[in-house]
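> Sequence:
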Amino acid sequence: MDQVGMADAHLVGNSLGGWIALELARRGRARSVVALSPAGAWRCPRDLARLLLVFRSAAAFGRHPLTRGLLRSAVFRRLALRGIARYPERMSAADVDDMLDDLAGCTILPDLLQGARANGAIRSLRTGCPMMLAWGTEDRLLPFARYGRPMAESVPGAVVVRLPGVGHVPMADDPDMVARIVLDFIAGTGSDVSPGRRSA
Numbered sequence: 314m315d316q317v318g319m320a321d322a323h324l325v326g327n328s329l330g331g332w333i334a335l336e337l338a339r340r341g342r343a344r345s346v347v348a349l350s351p352a353g354a355w356r357c358p359r360d361l362a363r364l365l366l367v368f369r370s371a372a373a374f375g376r377h378p379l380t381r382g383l384l385r386s387a388v389f390r391r392l393a394l395r396g397i398a399r400y401p402e403r404m405s406a407a408d409v410d411d412m413l414d415d416l417a418g419c420t421i422l423p424d425l426l427q428g429a430r431a432n433g434a435i436r437s438l439r440t441g442c443p444m445m446l447a448w449g450t451e452d453r454l455l456p457f458a459r460y461g462r463p464m465a466e467s468v469p470g471a472v473v474v475r476l477p478g479v480g481h482v483p484m485a486d487d488p489d490m491v492a493r494i495v496l497d498f499i500a501g502t503g504s505d506v507s508p509g510r511r512s513a
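For the numbering used here, count along the sequence shown from 1 and bump the result up by 313.
Any given hint might turn out to be false.
Beta-carbon label-pair distances, calculated as ranges [stated by the list, open to error]: (1) GLN316 / GLU402: 29 to 39 Å; (2) SER437 / PRO488: 24 to 34 Å; (3) ALA373 / ASN432: 22 to 32 Å; (4) GLN316 / THR450: 29 to 39 Å; (5) SER405 / CYS357: 32 to 42 Å; (6) VAL388 / SER437: 42 to 52 Å; (7) GLU402 / SER370: 15 to 25 Å; (8) THR450 / ASP497: 13 to 23 Å.
Hints in this document: simulated from the structure, not taken from any laboratory. The beta carbon of each residue, even a glycine, is placed where N, CA and C say it ideally should be.
Produce the entire structure from the sequences given, and follow the hints as far as they go.
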């Protein structure tokens, strides 16, 4: 945002991206936030250990030289990616390639995971901007009971919505529903979707 001179924006993020969007809101950089199954909250050390393992394993899986070839098969996509989507076999090979590229290019991941271990879960987040936490009912990666409830408690005032029939990456299962929820939420804030204010 700083590089393009943008002071704030409507932010939408999934998983680690949701966590980052919430932290940007803490810093006053958000007009609104829609966080889709955001990482960043847990109840106990065991849940943190599981969270760290999930993201480290995903990064290693994404970098493995055989991964891309195997994921060209819809059957393998169903087996390997069932933690992120309810219907991963519906994802195209190109979409999976893009997802792996994003994961491989996420240079902040090691620092974010180290920060999670050192600093703990997201702390009480009170900002002036409207926030929504949206969680797939079929999220196996970060189940709502273990990760969503503590996140909702950490973000008082956020609208909490369960997304029916979708997994951890709801855009993979039902992109139209996700787009509709985001646009409706932003419209409900009374703000437009024009670019954010430019910084001086």
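> Please go over all the hints and tell whether each is borne out by the structure.
Going down the list of hints, with the structure as the test:
1. GLN316 / GLU402: 29 to 39 Å: holds (38 Å)
2. SER437 / PRO488: 24 to 34 Å: Since SER437 and PRO488 have Cβ atoms about 32 Å apart, the given range 24 to 34 Å holds.
3. ALA373 / ASN432: 22 to 32 Å: holds (24 Å)
4. GLN316 / THR450: 29 to 39 Å: holds (37 Å)
5. SER405 / CYS357: 32 to 42 Å: Between SER405 and CYS357, where Cβ atoms are some 38 Å apart, the hint holds.
6. VAL388 / SER437: 42 to 52 Å: holds (45 Å)
7. GLU402 / SER370: 15 to 25 Å: holds (21 Å)
8. THR450 / ASP497: 13 to 23 Å: holds (19 Å)
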